[in-house]
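Student: Okay, here's what each chain looks like letter by letter:
There are 2 protein chains.
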Amino acid sequence: MNRTLSIETVTKIGEEVLLKGWINARRNMGKIVFLDLRDRGGIVQLVGVSSQMDAESVERMKDVRHEWVVEVTGVVQERGEKQKNSNVPTGNVEVLIKELRVLSMAEPLPIDLEDDKVGLDIHLDHLPITLRAERWQDVFKVQETIIQSFREALAQEQFTEFQSPALVGGDAEGGSAVFKVDYFYNQKAYLATSPQLYKQIMTGVFERVFTTAKIFRAEKSATTRHLSEIVQMDFEMGFINDQYDVMAMLEKVIKHIVARVVEKHASVFAKRGVPLPLSGEKFPIFKLHEAQDILGAPHSDDLDPEQERAICEWAKKEKNSDFVFITHFPTKARAWYTYEEPSEAPLSRGFDLLFRGLEINSGAQRVHSYETLVEKIKSRGLDPEKFSFYLEAFKYGMPPHGGCSTGLERITARMLEIPNVKEAVLFPRDLNRIDLQLSPPENKQ
Amino acid sequence: MNRTLSIETVTKIGEEVLLKGWINARRNMGKIVFLDLRDRGGIVQLVGVSSQMDAESVERMKDVRHEWVVEVTGVVQERGEKQKNSNVPTGNVEVLIKELRVLSMAEPLPIDLEDDKVGLDIHLDHLPITLRAERWQDVFKVQETIIQSFREALAQEQFTEFQSPALVGGDAEGGSAVFKVDYFYNQKAYLATSPQLYKQIMTGVFERVFTTAKIFRAEKSATTRHLSEIVQMDFEMGFINDQYDVMAMLEKVIKHIVARVVEKHASVFAKRGVPLPLSGEKFPIFKLHEAQDILGAPHSDDLDPEQERAICEWAKKEKNSDFVFITHFPTKARAWYTYEEPSEAPLSRGFDLLFRGLEINSGAQRVHSYETLVEKIKSRGLDPEKFSFYLEAFKYGMPPHGGCSTGLERITARMLEIPNVKEAVLFPRDLNRIDLQLSPPENKQ
Chain A
1 MNRTLSIETV
11 TKIGEEVLLK
21 GWINARRNMG
31 KIVFLDLRDR
41 GGIVQLVGVS
51 SQMDAESVER
61 MKDVRHEWVV
71 EVTGVVQERG
81 EKQKNSNVPT
91 GNVEVLIKEL
101 RVLSMAEPLP
111 IDLEDDKVGL
121 DIHLDHLPIT
131 LRAERWQDVF
141 KVQETIIQSF
151 REALAQEQFT
161 EFQSPALVGG
171 DAEGGSAVFK
181 VDYFYNQKAY
191 LATSPQLYKQ
201 IMTGVFERVF
211 TTAKIFRAEK
221 SATTRHLSEI
231 VQMDFEMGFI
241 NDQYDVMAML
251 EKVIKHIVAR
261 VVEKHASVFA
271 KRGVPLPLSG
281 EKFPIFKLHE
291 AQDILGAPHS
301 DDLDPEQERA
311 ICEWAKKEKN
321 SDFVFITHFP
331 TKARAWYTYE
341 EPSEAPLSRG
351 FDLLFRGLEI
361 NSGAQRVHSY
371 ETLVEKIKSR
381 GLDPEKFSFY
391 LEAFKYGMPP
401 HGGCSTGLER
411 ITARMLEIPN
421 VKEAVLFPRD
431 LNRIDLQLSP
441 PENKQ
Chain B
1 MNRTLSIETV
11 TKIGEEVLLK
21 GWINARRNMG
31 KIVFLDLRDR
41 GGIVQLVGVS
51 SQMDAESVER
61 MKDVRHEWVV
71 EVTGVVQERG
81 EKQKNSNVPT
91 GNVEVLIKEL
101 RVLSMAEPLP
111 IDLEDDKVGL
121 DIHLDHLPIT
131 LRAERWQDVF
141 KVQETIIQSF
151 REALAQEQFT
161 EFQSPALVGG
171 DAEGGSAVFK
181 VDYFYNQKAY
191 LATSPQLYKQ
201 IMTGVFERVF
211 TTAKIFRAEK
221 SATTRHLSEI
231 VQMDFEMGFI
241 NDQYDVMAML
251 EKVIKHIVAR
261 VVEKHASVFA
271 KRGVPLPLSG
281 EKFPIFKLHE
291 AQDILGAPHS
301 DDLDPEQERA
311 ICEWAKKEKN
321 SDFVFITHFP
331 TKARAWYTYE
341 EPSEAPLSRG
351 FDLLFRGLEI
361 NSGAQRVHSY
371 ETLVEKIKSR
381 GLDPEKFSFY
391 LEAFKYGMPP
401 HGGCSTGLER
411 ITARMLEIPN
421 VKEAVLFPRD
431 LNRIDLQLSP
441 PENKQ
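Residue numbers (the numbering used here), protein chains in the order written: chain A, 1 to 445; chain B, 1 to 445.
Hints in this document: simulated from the structure, not taken from any laboratory. Hints are supplied without guarantee of correctness; some may be wrong.
Put simply, identical chains are the same to the list, so a pair is met inside one copy or across any two.
Said to hold, decoys possible - Think about it this way: if two alpha-carbon atoms lie no more than 30 Å apart in a straight line, the pair counts; the simulated BS3-like pairs of lysine-lysine are:
no. : residue 1 : residue 2
1   : Lys-395   : Lys-264
2   : Lys-395   : Lys-62
3   : Lys-287   : Lys-31
4   : Lys-287   : Lys-180
5   : Lys-287   : Lys-12
6   : Lys-422   : Lys-180
7   : Lys-316   : Lys-255
8   : Lys-220   : Lys-188
9   : Lys-141   : Lys-252
10  : Lys-188   : Lys-255
11  : Lys-386   : Lys-180
12  : Lys-31    : Lys-422
13  : Lys-98    : Lys-82
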């Protein structure tokens with residue numbers, strides 16, 4: 001007999017089916033045992049009555065507990081009216097067990113998977129099992145939709161996907177702390193902190209490119225925002241007029257992501273009591289100083305976290321948008337490859353996209369002139385010689401271009417209003433943990 | 001005026017258009033200059049006649065050379081019958097230039113981009129420009145189709161995409177050489193050599209999962225097969241009967257990839273003189289010893305490279321398939337998590353998929369019993385304590401499952417019959433190179 005998924009039972013009333021999955025719950029009700037069976041289609045209720053089963057199945061039934069893996073033959077039946085549960089997709093049916101076989105046993109669980117008050121460290125210590133709980137599965141199904149719809153939106157706009165390297169020869173951007181790798185011949189390599197330089201090179205090849213690359217940050221800091229390993233979703237496009245072309249493309253991509261997430265996962269938001277993301281008519285765009293004027297804040301080189309939250313609240317109330325663009329940051333406050341706004345120097349063509357109070361994307365038009373780029377590198381005290389590979393693209397003709405970058409974990413967290421970004425990564429790496437807790441010397445004393 | 005892409009000119013005869021792109025070639029023919037303009041849509045011929053242009057454009061026209069980035073306003077016209085070139089998609093038209101503006105200049109190229117006899121090192125030294133040549137763009141457009149259709153095929157089969165970590169706490173598989181990373185608190189982390197253990201954990205969560213993850217191999221060897229950084233395309237599925245369920249899924253995925261590649265890139269194969277991949281009616285399946293019998297070779301624990309080639313030739317001739325499955329390798333010759341075939345021990349439920357003479361995929365049914373797995377780990381001299389995180393999934397109920405893994409670079413290379421896998425990676429990392437040539441101490445003496 002072919003396997004039936006739990007969700008498919010609703011169309012098979014009266015039929016004999018073969019189900020396979022995990023025991024998600026067990027309820028003993030006198031002579032009847034109710035089991036919830038979990039598979040990739042969801043959950044369905046099984047009913048065990050000794051008189052309906054063969055002797056071996058009756059014995060096995062006594063043993064099965066949470067997370068045992070079983071195979072069940074049974075008959076789908078409609079529940080009595082009073083037993084129907086409209087909150088569950090399979091709430092109208094149950095499966096009367098005829099035969100039950102055990103595929104894998106499970107030890108008694110060390111924690112209650114349904115308990116959503118479990119602390120973060122306990123959750124992370126037991127990821128291989130806590131991730132099985134529906135509320136965790138939900139987070140990573142939403143994350144899957146985000147990354148897949150990011151790619152989908154850009155493919156529709158003729159962007160070419162490329163694979164950006166993780167091992168790099170130097171800390172090219174000269175920015176955030178970088179992990180060192182023991183490479184061959186006693187040389188050091190580094191883990192990429194961004195696919196930036198490669199996506200610019202690739203813009204010289206395919207004009208429009210994107211990549212979903214792993215990047216690594218060795219910042220010694222233990223906040224709710226910090227991760228050592230991140231999935232970054234980047235695109236870069238050539239032949240733009242200015243940063244507004246990049247922002248228009250980004251808005252299109254984000255709206256596509258939001259539409260897909262809402263279409264597929266509205267029930268997840270309902271369950272968690274989180275409002276659906278609002279993308280309004282058009283994302284509001286403010287110059288940095290305009291945003292500060294609205295907030296009655298003094299002019300400065302960046303928004304502080306409190307201001308980021310306040311301008312997002314304003315945009316939500318006034319423009320029905322959870323997203324806000326901020327432009328015209330000072331050039332000196334942005335990466336060295338940022339294009340300066342000729343008529344408004346020292347302001348730049350960089351921008352940030354805020355989402356529910358937090359920056360989730362940063363982008364800009366980039367410098368495309370070889371000579372200007374060499375000057376910019378020198379002006380930050382960096383050595384152009386170290387950038388010779390990257391600079392070759394510019395020596396031989398680069399179009400005006402720009403792009404931007406979104407952290408997959410951060411947008412997932414903001415989407416579901418998860419306060420700690422570590423809960424939006426399957427296997428978070430940070431200062432204290434690579435799956436197992438590290439025992440830093442500091443803690444041992 | 002909106003930009004027109006080169007390929008769109010064929011539907012705009014008689015219209016004025018705005019084109020943007022790179023100069024791909026320049027031919028002076030007396031008073032007329034022909035320019036090939038390259039953009040993401042392909043190549044179109046521009047015609048420059050001084051009397052048709054403004055004075056400034058005439059001056060600029062004198063300067064423009066290969067890889068200059070320009071913006072051109074002109075009128076699309078049909079070519080004379082004798083000038084038509086049916087080998088080029090835009091071969092029926094040309095664009096008479098009215099205005100030409102320069103967006104970026106380029107220095108004279110250090111190498112001839114059209115020269116396909118350039119050595120590998122020269123190519124790699126100049127990747128930011130050599131990748132712009134059509135024959136290189138072709139390789140990476142095919143590669144994009146391979147990875148995207150891998151994901152597409154598995155999404156259709158209800159597999160969940162997940163992000164597997166690159167930083168790991170130990171050399172978990174105990175196999176190939178591993179790169180060390182300086183992590184926090186003077187501790188070492190490692191770069192993942194495979195997403196294997198994580199995709200098994202995730203099979204306990206979502207039943208069917210896939211990932212396209214970066215993996216890293218520190219093997220000190222400089223063959224045409226070796227890379228330090230690889231994109232691995234993995235899937236894993238629960239509730240299988242045996243390895244044949246995994247092989248059937250893999251065959252479906254590969255056939256989808258082949259169909260998409262042929263549909264989108266048949267012209268690339270034609271240009272390169274490479275036959276389209278044959279996927280036959282059904283991929284032939286041989287037990288290892290059966291394959292050796294067919295070849296008249298003595299029985300041994302694996303096929304050698306010559307035998308891999310020979311059995312593929314046999315399959316192509318007899319079964320019209322460039323793909324062949326080999327099964328029933330000895331358990332001791334496979335990874336420790338491989339399931340042993342109970343009735344045929346010491347043979348295992350592992351398999352390889354060969355494609356045009358080379359193994360491109362390796363897979364198996366895996367051990368799913370906690371106790372057996374702990375024994376297997378010990379039997380290879382490894383310490384189960386180091387696997388406690390992974391083993392937690394098994395302690396609490398894992399279904400029978402299996403999966404497999406394909407290197408993106410290797411399948412790309414075999415697809416296009418590229419002899420050296422380094423030519424199927426945009427930015428290959430190996431013993432001697434991370435973009436720039438390393439200068440290993442050995443070479444300095």
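Student: Does each hint hold? Answer for all of them.
Tutor: Going through the hints against the structure:
no. : hint                 : in the structure
1   : Lys-395 with Lys-264 : neither (46 Å within a copy, 33 Å between copies)
2   : Lys-395 with Lys-62  : between (75 Å within a copy, 20 Å between copies)
3   : Lys-287 with Lys-31  : neither (70 Å within a copy, 50 Å between copies)
4   : Lys-287 with Lys-180 : neither (38 Å within a copy, 45 Å between copies)
5   : Lys-287 with Lys-12  : neither (59 Å within a copy, 40 Å between copies)
6   : Lys-422 with Lys-180 : both (23 Å within a copy, 24 Å between copies)
7   : Lys-316 with Lys-255 : within (15 Å within a copy, 48 Å between copies)
8   : Lys-220 with Lys-188 : both (20 Å within a copy, 15 Å between copies)
9   : Lys-141 with Lys-252 : both (22 Å within a copy, 24 Å between copies)
10  : Lys-188 with Lys-255 : neither (42 Å within a copy, 41 Å between copies)
11  : Lys-386 with Lys-180 : both (17 Å within a copy, 24 Å between copies)
12  : Lys-31 with Lys-422  : neither (45 Å within a copy, 66 Å between copies)
13  : Lys-98 with Lys-82   : within (24 Å within a copy, 80 Å between copies)
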